[in-house]
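Colleague: Residues per chain are reported as follows:
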Amino acid sequence: SQQGEEDPQALSIQEGENATMNCSYKTSINNLQWYRQNSGRGLVHLILIRSNEREKHSGRLRVTLDTSKKSSSLLITASRAADTASYFCATVLLYSGGGADGLTFGKGTHLIIQP
Amino acid sequence: ETGVTQTPRHLVMGMTNKKSLKCEQHLGHNAMYWYKQSAKKPLELMFVYNFKEQTENNSVPSRFSPECPNSSHLFLHLHTLQPEDSALYLCASSPRTSGIETQYFGPGTRLLVL
Chain X
1 SQQGEEDPQA
11 LSIQEGENAT
21 MNCSYKTSIN
31 NLQWYRQNSG
41 RGLVHLILIR
51 SNEREKHSGR
61 LRVTLDTSKK
71 SSSLLITASR
81 AADTASYFCA
91 TVLLYSGGGA
101 DGLTFGKGTH
111 LIIQP
Chain R
1 ETGVTQTPRH
11 LVMGMTNKKS
21 LKCEQHLGHN
31 AMYWYKQSAK
41 KPLELMFVYN
51 FKEQTENNSV
61 PSRFSPECPN
71 SSHLFLHLHT
81 LQPEDSALYL
91 CASSPRTSGI
101 ETQYFGPGTR
111 LLVL
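Chains as they are written, first to last, in our numbering: chain X, 1 to 115; chain R, 1 to 114.
Hints listed in this document are in silico derivations from the structure and should not be mistaken for laboratory results.
Heads up, a few of these hints could be off.
[Stated by the list, open to error] The list that follows gives simulated cross-link-like pairs (lysine-lysine, DSBU-like), each with its CA atoms no further than 30 Å apart:
| no. | chain 1 | residue 1 | chain 2 | residue 2 |
| --- | --- | --- | --- | --- |
| 1 | R | Lys40 | X | Lys107 |
| 2 | R | Lys41 | X | Lys70 |
| 3 | X | Lys107 | R | Lys22 |
| 4 | X | Lys26 | R | Lys41 |
| 5 | R | Lys19 | X | Lys107 |
Based on the sequences and whatever the hints tell you, model everything.
Modeller: Right under this line is the structure:
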């Protein structure tokens, strides 16, 4: 079942503006991760935020996590044309017995940066 | 550039064909994954392998058969597929287990079933 759900589904902004994407999830998580996918390619990990963290920064990226609302946001500041991609949040499923964990993804936000 | 490679990058097959997708990771990881990405649907986890042992089969039809001969290689054997199986198949790896793991994805195999 779908765990993460991004909002908006699509976002178009001008280069230089900030882009904000939101993610909501349903069940308790260990951590939440954001990935980027350029058209038809593999996913690239951007940032991971643990359930006991509220905010994290990496370069032009800022991620927040509100576990009480089961939501996260990804902010990209000073956007560039190269930021055009789909962005996904993913949460970690926990299997019994300590087995490897698969990620549960949302449908993603398609971000277009207009030059 | 990631340390996870997938071959082939594109594949067209008929419903009666048998083909295999290959994934190789050069990162020394112990866990490997297959995901399916269809148009307008979220990525779906298909299979999880941890130290070569399958730990998850996410209700995938038997026409998809995974194989993990060692921690560096993962295969997805395909037979008698349906057109709705057309999708991007992504392989990923992670160091190991237990929750706090970034996954590293390959570029994917774009599969078209005719």
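Colleague: Could you work out which of the previously given hints the structure breaks and list their numbers from low to high?
Modeller: none
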